[in-house]
Amino acid sequence: MKIAVCIKRVPDMETRFKIAANGTSVDESGLKYDMSDFDGYAVETALQLNEKQGPGETVVISLGPDVVQEQLRKALSMGADRAVQLKADRVPADGLAIARALAAELKEGGYDLILFGRQAVDSANATVGPMTAELLGLPCATAVSTLDIANGRATARRDLEGATEVVEFALPAVVSVDEGMPRARYPSLKGIMAAKKKPLEVKPAQLGDERISIEKMELPPERAAGRIVGEGPGAVPELVRLLHTEAKVL
Amino acid sequence: MQDFFDIDSALSEEERAVRASVRQFVDERILPIIGDCYVEGRFPKEIIPGLAELGVFGANLPEEYGCAGLNNVAYGLIMQELERGDSGIRSFASVQGALVMYPIFAFGSEEQKKHYLPKMAAGEIIGCFGLTEPDFGSNPSGMITMAKEQADGSWILNGAKMWITNGSQAKIAVVWAKTNGDKSDKSIRGFIVPTNTPGFTAKDQKGKLSLRASDTSELVFQDVHLPKDAILPKSGGIKSPLMCLTQARYGISWGVIGAAMACYEEALAYSTSRVMFDKVIGGFQLQQQRLAIMLTEIVKAQLVSLHLGRLKDAGKLTPQQVSLAKRNNCDIATDVAREARRLLGANGILAEYASMRHMANLESVYTYEGTHDIHTLILGQAVTGLSAFN
Chain A
-16 MKIAVCIKRV PDMETRFKIA ANGTSVDESG LKYDMSDFDG YAVETALQLN EKQGPGETVV
44 ISLGPDVVQE QLRKALSMGA DRAVQLKADR VPADGLAIAR ALAAELKEGG YDLILFGRQA
104 VDSANATVGP MTAELLGLPC ATAVSTLDIA NGRATARRDL EGATEVVEFA LPAVVSVDEG
164 MPRARYPSLK GIMAAKKKPL EVKPAQLGDE RISIEKMELP PERAAGRIVG EGPGAVPELV
224 RLLHTEAKVL
Chain B
5 MQDFFDIDSA LSEEERAVRA SVRQFVDERI LPIIGDCYVE GRFPKEIIPG LAELGVFGAN
65 LPEEYGCAGL NNVAYGLIMQ ELERGDSGIR SFASVQGALV MYPIFAFGSE EQKKHYLPKM
125 AAGEIIGCFG LTEPDFGSNP SGMITMAKEQ ADGSWILNGA KMWITNGSQA KIAVVWAKTN
185 GDKSDKSIRG FIVPTNTPGF TAKDQKGKLS LRASDTSELV FQDVHLPKDA ILPKSGGIKS
245 PLMCLTQARY GISWGVIGAA MACYEEALAY STSRVMFDKV IGGFQLQQQR LAIMLTEIVK
305 AQLVSLHLGR LKDAGKLTPQ QVSLAKRNNC DIATDVAREA RRLLGANGIL AEYASMRHMA
365 NLESVYTYEG THDIHTLILG QAVTGLSAFN
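Protein chains in written order, with this note's numbering: chain A, -16 to 233; chain B, 5 to 394.
One chain only, chain A, in its complex shape (with noise of 0.2 Å):
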């Protein structure tokens, strides 16, 4: 099958974040990077499927400055075949914008299925895979846990808060991966000197026109200290109290 898988060079989310000095954007200096965890799904199930499925082609995706060819490249030491970035100076924060380069990208790929992660995990908008599906005109499942595919149809679970829904579609379809597919992999360190080998086309990304853009951004207030209402049984009434009208979960 040919599989195209579209990545995000995201921060590492155990970073403690500074908002940078503009107030709508965090403060880059010191941060590490990598793929999006989900993204990383993404790859691992398109390399997967291809070495069940005997020969294919791997494509990974990601739009952005130079500095994403990082992630592009640990992708094709994963064992992707070939990478391709749409260069941009940054990452737009409207999501139909990256899909419309995205869609332009893949039109005339001739891919069989299209994986994205369920969302990035710095943005967490969710909105660029399915987007992606619209522009293309592709059936598109989010979300799903397990995927597999047989004469050109897919099966796909997800699961739901409380319940487990199955969905079946035709190929080429666009699919956003979520905990449960498996994991990545490590790059082992012969894939990492192979993927200095393997092509890496650049294309500038036909943006379309950014109708969203980020007013504010700031830190989640810093939590209030806890409070002692008591000691022992005695303290239970008071608790159960202040649980009920102040804390509002009772």
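Because the hints were derived from the structure by calculation, they are not lab data. Remember, it's a predicted structure, so these values are computed and weren't measured experimentally. Be aware that one or more of the hints could be misleading.
Computed cross-link-like contacts, SDA-like style, restricted to lysine to any residue with a CA-CA straight-line distance of at most 20 Å [unchecked claim]: (1) A:K181 x B:R20; (2) A:K179 x B:L15; (3) B:K152 x B:A164; (4) B:K238 x B:T183; (5) A:K181 x B:E17; (6) A:K173 x B:K118; (7) A:K15 x B:D7.
Following the hints, put chain B in place on chain A, whose structure we already have.
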């Protein structure tokens, strides 16, 4: 840890990618189990297939023998990351790569290379290196293990080796022995000894208070009969095993930085969360001084090893330069580990924290592969031209 001195800017993207992959493996597969392994005195065999799949064994040897073909800086970064986990894990990889695969690569016949190296890279054959003897540690030239050539060209090996990492789990041992009754160190040759050969025994050394997550064994050879092709044909004299030690010491100079980094990171995290006298202890000058010294020494060690790696890649490295790096980096790592343990207060003696484990491990690393004192004398000889050994 934070790249305070922007040393990453001196690494290629590929070198950073290698480090990232091994770092993730160590974080996910080694750190969760290593404290228990240490307490139990158990080498975690279960990680061997994962390490092999990653490609860490003999990673700086050529691809044609199933290895990754990395440069020496990338190889050093692997050692650093493994020892950030535990010196025992790094020792395992050092022995496999630098002390068994390297001599087969450097002194072996094409048949030996083709037969052993791919299987060793794949972790299917584990090796050990027999040089040190019970009475000959810093002075390997004095070894008494002897191999006698028979009329048909085969060999009979007799002797004993001690302090052999991986000894009890190895399928093959690269054993260094004098030959044909010649007691000079010029007669020393290397032999590939399958450990299931009759007359070969390996026994774990018990009671270690250091490198507890690593096997250390005594080897005994009693009339071990070896075929003609067991000898490493291009080995000759004490220089051959010393060349292996240069490889391993190079890796150690990087590895101990990893142990120091782990201790520093642990100390820094602890100092910014542990509250005493109503404030975090990192706010006290004494702890800040500890952290500042640790950071400085780690940065210096990183720069020493990085430059050493570039020299090695350029083919300009001397064994004396490796001695300088091994000596310095082991020394600062033992100090960093001890200071980290002290900063952690009473918690620092628990296996739940890494610093005391590293501290105890590093005493071995300080001592093996040329003790600190021996490297001091190597440097002394290099600059004065005068040997203080005898």
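Cross-check of the supplied hints:
Distance check on the hinted pair: K181 of chain A and R20 of chain B sit about 18 Å apart at the alpha-carbon level, within 20 Å; holds. Restraint check: the Cα-Cα separation between K179 of chain A and L15 of chain B comes to about 15 Å, which is no more than 20 Å; the hinted pair holds. Our distance criterion of 20 Å between C-alpha atoms is met by K152 of chain B and A164 of chain B, whose separation comes to about 15 Å. Of the pairs offered as hints, the one joining K238 of chain B and T183 of chain B holds, with about 14 Å between alpha carbons and a cut-off of 20 Å not exceeded.
Our distance criterion of 20 Å between C-alpha atoms is met by K181 of chain A and E17 of chain B, whose separation comes to about 15 Å. Between K173 of chain A and K118 of chain B the alpha-carbon distance is near 18 Å, which keeps this suggested pair within the 20 Å criterion. For the hint linking K15 of chain A to D7 of chain B, the alpha-carbon distance of about 10 Å falls within 20 Å, and the restraint holds.
Comparing the model with each numbered hint stated earlier shows that all of them hold.
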